[in-house]
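A.B. asks: Chain residues, written in single-letter form:
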Amino acid sequence: AQSVAQPEDQVNVAEGNPLTVKCTYSVSGNPYLFWYVQYPNRGLQFLLKYITGDNLVKGSYGFEAEFNKSQTSFHLKKPSALVSDSALYFCAVRDMNNAGNMLTFGGGTRLMVKP
Amino acid sequence: NAGVTQTPKFRVLKTGQSMTLLCAQDMNHEYMYWYRQDPGMGLRLIHYSVGEGTTAKGEVPDGYNVSRLKKQNFLLGLESAAPSQTSVYFCASSPGWGVSSTGELFFGEGSRLTVL
Numbered sequence: 001a002q003s004v005a006q007p008e009d010q011v012n013v014a015e016g017n018p019l020t021v022k023c024t025y026s027v028s029g030n031p032y033l034f035w036y037v038q039y040p041n042r043g044l045q046f047l048l049k050y051i052t053g054d055n056l057v058k059g060s061y062g063f064e065a066e067f068n069k070s071q072t073s074f075h076l077k078k079p080s081a082l083v084s085d086s087a088l089y090f091c092a093v094r095d096m097n098n099a100g101n102m103l104t105f106g107g108g109t110r111l112m113v114k115p
Numbered sequence: 116n117a118g119v120t121q122t123p124k125f126r127v128l129k130t131g132q133s134m135t136l137l138c139a140q141d142m143n144h145e146y147m148y149w150y151r152q153d154p155g156m157g158l159r160l161i162h163y164s165v166g167e168g169t170t171a172k173g174e175v176p177d178g179y180n181v182s183r184l185k186k187q188n189f190l191l192g193l194e195s196a197a198p199s200q201t202s203v204y205f206c207a208s209s210p211g212w213g214v215s216s217t218g219e220l221f222f223g224e225g226s227r228l229t230v231l
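Chains A and V are the protein sequences, given in the same order.
At position 67 of the first sequence (counting the first as 1) the number is 67 in our numbering, and the numbers step up by one without a gap.
Add 115 to a position in the second sequence, counting from 1, and you land on the number used in our numbering.
It should be emphasised that the hints constitute simulated quantities derived from the structure, not laboratory data.
Among the hints, a few may not be true.
[What the hints assert, rightly or not] Below, simulated BS3-like cross-link-like pairs (lysine-lysine); rule was C-alpha separation at most 30 Å, straight line:
# : chain 1 : residue 1 : chain 2 : residue 2
1 : A       : K49       : V       : K129
2 : V       : K124      : A       : K49
3 : V       : K172      : V       : K185
4 : A       : K77       : A       : K114
5 : V       : K129      : V       : K172
6 : A       : K69       : A       : K58
7 : A       : K49       : V       : K172
8 : A       : K69       : A       : K49
9 : A       : K49       : A       : K22
Excised from the complex, chain A in its bound form:
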């Protein structure tokens, strides 16, 4: 079984400050991890993924995420937040043995960036 937890329903940050959106996961084998962003009334857009290799993954719009195997975490980060980053963010996991490539999503974290 695979599962994802996003412990914060909402994260508030001032524009220009660094932001972190937290994600922890559980899988039976090695994980494939993803972050998606959803803007109002839109579908999910892919931000970045971790498959293997470097624990720090860089993605779209200046976002990055750090894979920490010992803490089973994959937190999303950005050094300087923009008001336009305000959206709903989803972490997702896939067990590498999942033949159907099915992703399990967390409950989502709403990011609010204030001017």
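For chain A, the structure is supplied; the task is to place chain V on it using the hints.
C.D. replies: Chain V only, in chain A's frame:
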């Protein structure tokens, strides 16, 4: 550059009515998925397909049926709609898992269904 297209985008049903949501993708992807999104619960997988003519149950399949008669289309049916099926439905596709795949899913814009 359509990607994944869902129709209709909005629909209101009465309890007991039936309807079908259509998902079409033009990326020649092998895998397709139907998720539902509810507040605070993220996205939950309803059904999925790993190829034309195949379907499988996901996490919350009850009350839904699917068909994948053509590779590019994945239909989600509600035979007798219930208020608990009020949700936003997302279709997604993926090239499958192989050397050419990077694993991520590509999503449609969503279909908002209200069951009264």
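A.B. asks: Now look at each hint and say whether the structure bears it out.
C.D. replies: So, going through the hints one by one against the coordinates:
A hinted pair counts as satisfied when its Cα atoms are at most 30 Å apart, and K49 (chain A) with K129 (chain V) does not qualify at roughly 41 Å. Restraint check for K124 (chain V) and K49 (chain A): satisfied, since their Cα atoms lie roughly 29 Å apart, inside the 30 Å limit. Between the alpha carbons of K172 (chain V) and K185 (chain V) the distance comes to roughly 18 Å, so the proposed pair stays at or under 30 Å and holds. In summary, the hint linking K77 (chain A) to K114 (chain A) is supported, as the alpha carbons are separated by about 17 Å, within the 30 Å threshold.
At roughly 25 Å between alpha-carbon atoms, K129 (chain V) and K172 (chain V) fall within 30 Å of each other, so this suggested pair holds. Only pairs whose Cα atoms come within 30 Å are accepted, and K69 (chain A) paired with K58 (chain A) is accepted, the gap being roughly 17 Å. Proximity of K49 (chain A) to K172 (chain V) is assessed by CA-CA distance (about 25 Å); at most 30 Å being required, the pair is judged to hold. The straight-line distance between the Cα atoms of K69 (chain A) and K49 (chain A) is roughly 15 Å, inside the 30 Å bound, and the hint therefore holds.
Taken as a hint, the K49 (chain A) and K22 (chain A) pair is honoured in the structure, with Cα atoms around 15 Å apart against an allowance of 30 Å.
The structure fails hint 1 only (numbered hints given earlier).
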